[in-house]
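The hints should help you fit chain G with the ligands onto chain L, whose structure is shown.
Number of protein chains: 2
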Amino acid sequence: MLSLALRTSRTALNAYRSRGIHAPASLNAVTETDLAHFASILAPSSVISSLAPVNSPTDELDPFNQDWMGRFKGNANTVLKPKTVQEVSQIVKWCNERRIGIVPQGGNTGLVGGSVPIGNELVLSLANMNKVRSFDPVAGILVADAGCILQALTDYVAPLDHVMPLDLGAKGSCQIGGNVATNAGGLRLLRYGSLHGSVLGLEVVLPDGTILDQLTTLRKDNTGYDLKQLFIGAEGTLGIITAVSILTPPAPQATSNVILALPHFDNVLPLFQTVKRDLSEILSAFEFLDRTAYDLAVKHGQGKALDESEVEGAQCFVLVETSGGRREHDEEKLNDLLEKLLEADEPLINTGVVSQNPSQFESIWGLREGVTEAISKEGKAYKYDISVPVATFKDCVDATRDHLESKGLMRPDAVKYVVGYGHCGDGNLHLNVCAAAYTQEIADALEPFIYELVQKHRGSVSAEHGIGAMKTHALHYSKDAVSIGLMKQIKGIFDPNGIMNPGKVLE
Amino acid sequence: MLSLALRTSRTALNAYRSRGIHAPASLNAVTETDLAHFASILAPSSVISSLAPVNSPTDELDPFNQDWMGRFKGNANTVLKPKTVQEVSQIVKWCNERRIGIVPQGGNTGLVGGSVPIGNELVLSLANMNKVRSFDPVAGILVADAGCILQALTDYVAPLDHVMPLDLGAKGSCQIGGNVATNAGGLRLLRYGSLHGSVLGLEVVLPDGTILDQLTTLRKDNTGYDLKQLFIGAEGTLGIITAVSILTPPAPQATSNVILALPHFDNVLPLFQTVKRDLSEILSAFEFLDRTAYDLAVKHGQGKALDESEVEGAQCFVLVETSGGRREHDEEKLNDLLEKLLEADEPLINTGVVSQNPSQFESIWGLREGVTEAISKEGKAYKYDISVPVATFKDCVDATRDHLESKGLMRPDAVKYVVGYGHCGDGNLHLNVCAAAYTQEIADALEPFIYELVQKHRGSVSAEHGIGAMKTHALHYSKDAVSIGLMKQIKGIFDPNGIMNPGKVLE
Ligand SMILES: Cc1cc2nc3c(=O)[nH]c(=O)nc-3n(C[C@H](O)[C@H](O)[C@H](O)COP(=O)(O)OP(=O)(O)OC[C@H]3O[C@@H](n4cnc5c(N)ncnc54)[C@H](O)[C@@H]3O)c2cc1C
Ligand SMILES: Cc1cc2nc3c(=O)[nH]c(=O)nc-3n(C[C@H](O)[C@H](O)[C@H](O)COP(=O)(O)OP(=O)(O)OC[C@H]3O[C@@H](n4cnc5c(N)ncnc54)[C@H](O)[C@@H]3O)c2cc1C
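Chains L and G, in that order, are what the protein sequence lines are.
Take the first sequence: its letter number 198 is residue 198 in the UniProt record's numbering, and every next letter is one higher.
Take the second sequence: its letter number 8 is residue 8 in the UniProt record's numbering, and every next letter is one higher.
Chain L extracted, bound-state conformation (with noise of 0.2 Å):
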């Protein structure tokens, strides 16, 4: 699903332009002199740059400079790769006393314009950070490289009768220091909860190089201000993790899943209430389509469940995913629920089909998670990752469309649809607005339109994707100016001279 096609838009790079985003003018170029010193402390395998004598070809630069979305492009002239967090804690110590800028990247997956230099900072990439430091079976408690591929962990952690505790479509590039430094969501959080929760320990290497050592590996620890939970979700601005200690929860021994039609949004609430209480813990997924993302998912052949006939009328459908220790019961749980569900004198649901197998398992699923490709089939997208309560999603999505309508732009060459899907259980709602092209005009109509929406409802204009360079003009709209000033006497503490991801979360 994951696909590294780097698609440009100019639009976007101009209206990211003329915000005025680029790194401050206190800090400096890498220069050839920085790159012998780095050359001095690195192997060789562990250093890209177009400056002499290493002359690296831009084409092995290219992919640190443009993120995954192409909508925006740094300008590094050097990458670096350590090996260790002594590797990386003499890097950041030179680039602070030099005031060099660097962007801590993973995966580069982020969707935010985070893990890519706004101008020509270092990139310092924890690509060759990437082995497992223990694994304690008993207690599941993984210590790990920042480096890590999740998938890589997955695979680690599952013959040991243990999963991550959390999963998302980027999972075969994305870095567990990644999903760390911007608190990915993703699909299981509705189960384990927040990395918040089950991130134990890290191991962070401070601005002025000072190696931080909370890699813990206790459950329990009351021993003062708890520091790692800023480096969560901070995008890379405090520090650079290296390692992280996470709590793995055993492995369900059987999946299953259901999609169900609903004549109504207005169901969709007290369907969940049901499905909560008589689910209970085996409920692991409550994810949104609403009428539009399932017939583009369908049309673009993400999956198929159910009968056209039978979903005549539905509004919006709800796929329900149970994980738990045992299949009888599990089954049991859920062929009750449905057969309660469509018995009721006024059903909540029109109909409801499960998975027999693996194989329709995954048919389902596709339906859900099928829908951001369908929607890169269509046209363009503006991607919205919010949250507002559940029972507002459909006045979101159908307010936002009104507002384009208003404005003339609902029409085959402008704005095609308006879809919303998401993280139901979490509420958190992708909307999308699929356009034939990016144009300053839609772009106009759609902000600050959705963020004033979403203040009204006082919601995040950042579920799960965080601010990075994207949306440091929108952070005003979920965080006030008390949180936004204590913020940036945070950052100054970790980083005075400001060379820690520049540009990126705070203005």
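Heads up, a few of these hints could be off.
All copies of an identical chain are treated as equivalent in the list; a pair is satisfied when it fits inside any one copy or across any two copies.
Derived EDC-like pairs (lysine to aspartate or glutamate); straight-line CA-CA distance at most 20 Å [said to hold, decoys possible]:
#, residue 1, residue 2
1, Lys73, Glu507
2, Lys340, Glu328
3, Lys488, Asp208
What the hints contain is simulated information worked out from the structure, not anything from laboratory work.
Since this is a predicted model, take the numbers as computed values, not measurements.
Using the frame of chain L, we list chain G with the ligands on its own:
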């Protein structure tokens, strides 16, 4: 179980004084002028003061000056019990300008002397802020004033099919604000994780009186640094929590438990692994008692479950609790597990008893929960609440006993028992040294011995109770100089005048 008997220990109070803990000279006592100001903004019932014109009798102030253990005694002349966040803000603003120290106080059940003044600071009690602000029965999100008592909130959400994500012995008195301020762990941590994961938002009055509104009800919100995390476990040194937004899980429909007798301590880890795998998502507690703890509990009539002949030779005991969505499923899993354990070729357990009804359920828990009381009936307890690897639980207890033995202190008129029990599932050992009386000789033999032992195992000198006034000198055994330095800088940002709970957490 919660007794408010105030057992003052002179030795402990002396030890406390001899460490030179006192309110900084830069802080002022509350004067009649201040009192007049407070009286102008608060209802008369919100003010207790020995100063004129209020002239409250001392015994009205005593309960606020003395901690639960009777080890710490403050000297506040004034206690304020504001009713709104605005009142709190006005009080704090005044105190900040006048440099008056403030101790935020919840239920005053804290076990490290954090909730009472070390000198003549003002006590700000949250007791009058005790309303539920909202509850969303679909998402399970509760927003409550900080002064709500944990038991009251448990009772509030129960008929709405939810449970609080934490439970502890002090629940009849402790407040949700105090729980968050201490990052309380308790009996449900294994199942529902830590407050860093389940607290969604906070309203906090900062030390300059500013109201920080992060009282969101969003499960996901990646917009900048997660500031609220800093207040979780800060023990009132960074600000006053006035409201909490917290995720409550759906109530389990059935709970059960079993007590298991183990021939050797070495079996605990393999047993934990088997139990985790087989009970998976319904496992809700895995508690450990060593032989001494068990025998003391039985001796003092704290629950009864196992036949004497059957537990002969058992070295330790484990209590397993399940809670899940369907009784027959859960019982089946538990019975299958027991059968497997008993019929194994080399069984990990000698015997086990499953509760058959609510009263047996209580009596099995009684064995575990009654240890504290049993110990207090035997003598004076030196209590260490530490996190160490589970594999070293027995070593830690044995090493402490051996050490006391080598000092000639293991005798009926000095140390009677060294006892280990605790939340095995969380790596949290309660190491209790039960003595005939508190003496300096024993205290000196125990510290820094135990802290060094913890440090050797990279453990935590305070798993859940915090640092308070009692352990500021021991913080460095679990946190290095870099971490402590950063904590002090953070304290400096929030509370430059050092008025908020002075002398606590950081020296
Ligand atoms: C197909 C697809 C699906 C996705 N699905 C989800 C989803 O469901 N939920 C979700 O939350 N996100 C999702 N994302 C976004 C993204 O994958 C996550 O944010 C991921 O956690 C980023 O990890 P990364 O290693 O690629 O980090 P990068 O993209 O390299 O970096 C992201 C940010 O973290 C910083 N950073 C990276 N590594 C470190 C480090 N070691 N130390 C300090 N800072 C560091 C960077 O500077 C940057 O600011 C998805 C992305 C894609 C492409
Ligand atoms: C019988 C018994 C059993 C216990 N069991 C456990 C257990 O299993 N697990 C566990 O973790 N603890 C346990 N404790 C310790 C204690 O109950 C908890 O720490 C509890 O969370 C404290 O809550 P409280 O309201 O009584 O806070 P207090 O004792 O009043 O205060 C504790 C600390 O928090 C600060 N504080 C209180 N309220 C606020 C506020 N609104 N804003 C800012 N700061 C505030 C105080 O200044 C103080 O530093 C137990 C205590 C007893 C007496």
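Hints the structure fails to honour:
Of the numbered hints given earlier, the structure breaks none, since each of them holds.
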